[in-house]
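Undergrad: Read off the chains here:
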Amino acid sequence: MFAFIVRRVTQAIFVMLVISLVGFAIKNEIGDPVRDMVGERVTPAEREALRDKLGLNDPFIAQYLRFAKNAVQGDLGLSFFHKKPALHVIAAKAPATIELVIGAALIIIFISLPIGIYTAIYPQSWISRFTMAFSTLGVSVPVFLTAIVLIYIFSVELSWLPSYGRGETVSLGGWDSGLVTVDGLKHLILPSFSLASIMLPLFIRLIRSEMMEVLETEYIKFAWAKGLTRKRIWFVHAFKNTLLPVITVFGVQIGIMFAFTILTETVFQWQGMGFMFLEAVERSDISLLVAYLMVVGAVFVVVNTVVDIIYGLVNPTIRIAGRK
Amino acid sequence: MNRAWRQFKASYLLFSFKQDKTAIFSFVVLVALLITGLLAPLISPYNPYDPANIDIMNSELPPSWTEAGQTEFILGTDIQGRDLLSTMIYGLRLSILIGCGAVLLQGLLGVVVGLLAGYLGGKIDAVLMRIADIQLSFPYLMVAIFISAIFQIAFGIGRYEELAVPLLIVIIGLAEWPVYARTVRASVMGEKNKEYVEAARVIGLNRWHIMFRHVLPNTMTSVLVISTIQVANAIMSEAALSFLGLGMPVTKPSLGSLIRSGFEYIFSGSWWITLFPGVFLVLLVLVINLLGDWLRDVLNPKLYKG
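For the protein sequence lines, the chains are A and B, in the order given. So the first sequence is residues 15 to 338, counted in this note's numbering. So the second sequence is residues 2 to 307, counted in this note's numbering.
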């Protein structure tokens, strides 16, 4: 087991190195730190002097090593637009995105579990058929369209829910939270439902097929023969064994949801990391862009590694084979 | 030709197609959409790229069946006064073009990489598949958004918009090739130890010939199965990028950029600019997905039906 963990962590470090190399190459090729610092109105001679002073004329490897060293210490450069360390800008926006993802994750759990179990137990009922047809349709609807339709129905036509921004937020020790005010929660409803909508069909199908498979196994047949109650068989014996694959997929999909936050945040003007990223693109703020790449890359690598290790703990066969 | 046709008529593929109402329906809708897209200049009532047809006085007209609507613009007009139906048909054409182009590119890249990795094995396999693994650990949409953001800054917005179609094909192609590489590698690994490959080796054919003429055709089934789903994915990616403003410009809108421009006006009640392109997009992606599901079930019955 120890060897497996060491191997996975080495792999993760290697991937992080590749990501940092890509990030540095982008910064080096299309970014201009001198412009980031002094703007456009400086003579070429002064620029050149500054370049020398900053070490921008050093060889690529030397510059990369410096970049990597700073990155490890948590310094990803200054944002050109915000005139602040890029990491601080990202940290200030992160709570919004994390709360959005939490909201969506909760919705996914509370909707997909009961529906998934129900459709597995009664595959022939009309509710199940309807759900399955609906989930095929659901995969084909882009998240921004769901978001727009929700806005049109609940904000424009019915004016029940607000359509943009985070509403009232309260600072809890540096964490701007919208989860503790009624206004903040109201603002969270539409964005998190839209974000959840892309993952819902997938999870309902996954839970359904896993549960159906478990219901066919010998030990469930034995449990029926033993005369256990239906509830006990479904929710205690069968349900527990459906959870394992669902949890691993959930871990990976939470990472994927971060990608879709860019779309959701754009529609709802949600002041999170994805919104910040698009603003950075519009302003050609390369440092911030690269910092975002590194942070998101790190999040993915950590999530994937942790999921793999947990999976390895639970399922010894992949430890030996090394790969899934 | 005649024989091939007879073979096709007797095939299991056609037989199961005729049994499956969903497949027939999806196929008919898809063909109708493809024809509409390809023949856009003949079918659409106006040419939305021609400034002579655009009158700003006609902007934001609702569909013809509503009170304020005009009969010349069946589905109404967008904010620039273009006929929405024509703009949608041209947008559909762009979406199909970019979707198929991107899939061709990623297929080409992925098939070559997968074939080399699977057949040659060893160090080449390790390096190529490690690259694919790293990229696959990120969602393809994220990768596509990053590449397009970098391209947009590197090229400048003006130049990017000019080159939008080829650039989007490259972006989406680069973002999704590992899927092909993985699939092709897996089926090459399965094929390369079979007798016919051994026989080809024994009679002294060189390995490039064996790879491309003998092994490759036998991996085509799995390529075909993922291709349909990949076209749907590519169209979705293109729409997402365009919606974010990283894709087709408003002057030459794809379905995604039409939805983007319509969204800005939804609060003033102009729902049709968003809704109709949205329905078009969903319909296109849905029928491709349905056909893909059907194809997967028919060609690969062993595959897990989720």
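These aren't lab readings, by the way, just hints derived from the structure by calculation. Cβ atoms here follow ideal geometry from the backbone N, Cα and C, with glycine treated the same way. Some clues are possibly wrong.
Distance windows between CB atoms, simulated [as the list claims (entries may be wrong)]:
(1) B:W6 x A:G265: 46 to 52 Å
(2) A:Q138 x B:D51: 51 to 57 Å
(3) B:L40 x A:W189: 55 to 61 Å
(4) B:Y13 x A:L151: 25 to 31 Å
Undergrad: Taking the hints in turn, state whether each one holds.
TA: Each hint, compared with the structure:
1. B:W6 x A:G265: 46 to 52 Å: Given range 46 to 52 Å: holds, Cβ gap about 50 Å.
2. A:Q138 x B:D51: 51 to 57 Å: holds, 55 Å
3. B:L40 x A:W189: 55 to 61 Å: holds, 56 Å
4. B:Y13 x A:L151: 25 to 31 Å: Hint holds: Cβ distance 28 Å, inside 25 to 31 Å.
Violated hints: none; the structure is consistent with every hint.
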